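J.: All chains should be built: construct the whole structure from the sequences, respecting the hints.
Chains V and G supply the protein sequences, listed in that same order.
Residues in the first sequence are numbered consecutively from 1, following the working numbering.
Residues in the second sequence are numbered consecutively from 1, following the working numbering.
Quick caveat, the hints were computed from the structure, so don't treat them as lab data.
Here the structure is a predicted model, which means the values were calculated and not measured.
No residue lacks a Cβ here, since even glycine has one placed at the ideal position from N, Cα and C.
Incorrect hints may have been included.
As the list claims (entries may be wrong) - Example chain G residues on the side facing chain V (calculated, C-beta under 10 Å, incomplete):
id, residue
1, Leu19
2, Tyr20
3, Leu119
4, Leu150
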Amino acid sequence: MPDSDPEVNELCDGDPLARALAKLQPMPTALGGTQLIYLAGQAARERTVAFWRRAFLAQTAVLAAVGGFAAWQFLQPAQTNERPQIVVREADKPLVEEAPMPRDSEPLSGPSGEFHIGHRPPGQRDDLAEYLRIRKEVMTAGLGLLPDAKSATTRPVNPTEFEKSLNLPPGVLTAPYRLPPPAEPPPE
Amino acid sequence: MEPDHLADLVDRHAAALVLYARQWCSTPEDVVQTAFLKLAQQSTPPESLVPWLYRVVRNGSIDAARAARRRQKYETRAAGQTPNWFLPSDDPTGLDARKAADALSDLPLEIREILVAHLWGGLTFEQIAATVGGSASTAYRRYAAGIDLLRENLRVPCPIPTRK
Numbered sequence: 001m002p003d004s005d006p007e008v009n010e011l012c013d014g015d016p017l018a019r020a021l022a023k024l025q026p027m028p029t030a031l032g033g034t035q036l037i038y039l040a041g042q043a044a045r046e047r048t049v050a051f052w053r054r055a056f057l058a059q060t061a062v063l064a065a066v067g068g069f070a071a072w073q074f075l076q077p078a079q080t081n082e083r084p085q086i087v088v089r090e091a092d093k094p095l096v097e098e099a100p101m102p103r104d105s106e107p108l109s110g111p112s113g114e115f116h117i118g119h120r121p122p123g124q125r126d127d128l129a130e131y132l133r134i135r136k137e138v139m140t141a142g143l144g145l146l147p148d149a150k151s152a153t154t155r156p157v158n159p160t161e162f163e164k165s166l167n168l169p170p171g172v173l174t175a176p177y178r179l180p181p182p183a184e185p186p187p188e
Numbered sequence: 001m002e003p004d005h006l007a008d009l010v011d012r013h014a015a016a017l018v019l020y021a022r023q024w025c026s027t028p029e030d031v032v033q034t035a036f037l038k039l040a041q042q043s044t045p046p047e048s049l050v051p052w053l054y055r056v057v058r059n060g061s062i063d064a065a066r067a068a069r070r071r072q073k074y075e076t077r078a079a080g081q082t083p084n085w086f087l088p089s090d091d092p093t094g095l096d097a098r099k100a101a102d103a104l105s106d107l108p109l110e111i112r113e114i115l116v117a118h119l120w121g122g123l124t125f126e127q128i129a130a131t132v133g134g135s136a137s138t139a140y141r142r143y144a145a146g147i148d149l150l151r152e153n154l155r156v157p158c159p160i161p162t163r164k
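T.: As structure tokens, this is what we get:
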């Protein structure tokens, strides 16, 4: 409120009407300072209560989470604790049936993937050694190491040699050659 | 805020703030009470305490008037009812309180709020401009125009040349 005396109130700007208006007192309000202080204190108390309520809820939630985790940790080993099983077997009978031994004629591959190249003719040994070398390089360096595929030049088949290699009588695989029929003379 | 300081503020400014809030809404006491409660909840009191209170009351009154219009669906101006804005004047030569309130309520709202804030709230035109927006010179022009309009309505003779 400005100064209650309009004569000395500089806000009235020297205007008599403004002074007369400023002389009018607004209706006193039912609003009391004591009531407001009480309401302010009540609001502050409600804020404090709300804060502690939230703090209590958060603390309870944290404690419940920690307790649940601890209980889970406590129960977890009990679930995985298995009793030792005692297996009784006959002394002569093997626990696992042994695999049959491979024969010498079969190409072998050991547990490490190595081939045994013993008991083979020398030509086949070289081929197999070359194959194993390429295979090893491919396994280590990849497929890019392989040479481009080229069609091998094939020799024309000689029927006579082929029949001889198969122990067939000569002329079995040769197709009979038939001469084409003579051309008929054109009709006159 | 200390309770004594709050009580002192209430004693000094509550009536003018209620008059100011009455320019918009029909429940000015509630608005002013809310403003004081908001002030009490401030961790650090505002720098310009009284202008801050007027700004909060103004915003609260506008919101309350808007809510009341939505709720009650009536378009009657709350300020138009003028339920005893001023105490009856003891001075027989002074203004009639009822006539002054009626004349005041006939003014446009943007002028009336400046008159109330200046004459009964004690705010300077700079503070009023900060509260209602605009410049201090605009606030002063509106104030002067309001005084002139009141002079015409109340038929008060003009002792000095009119500012026009």
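J.: With reference to the structure, classify each hint as holding or not holding.
T.: Evaluated hints:
| no. | hint | verdict |
| --- | --- | --- |
| 1 | Leu19 | 4 Å, holds |
| 2 | Tyr20 | 9 Å, holds |
| 3 | Leu119 | 5 Å, holds |
| 4 | Leu150 | 6 Å, holds |
Figure legend: structure checked against the earlier numbered hints; every hint is met.
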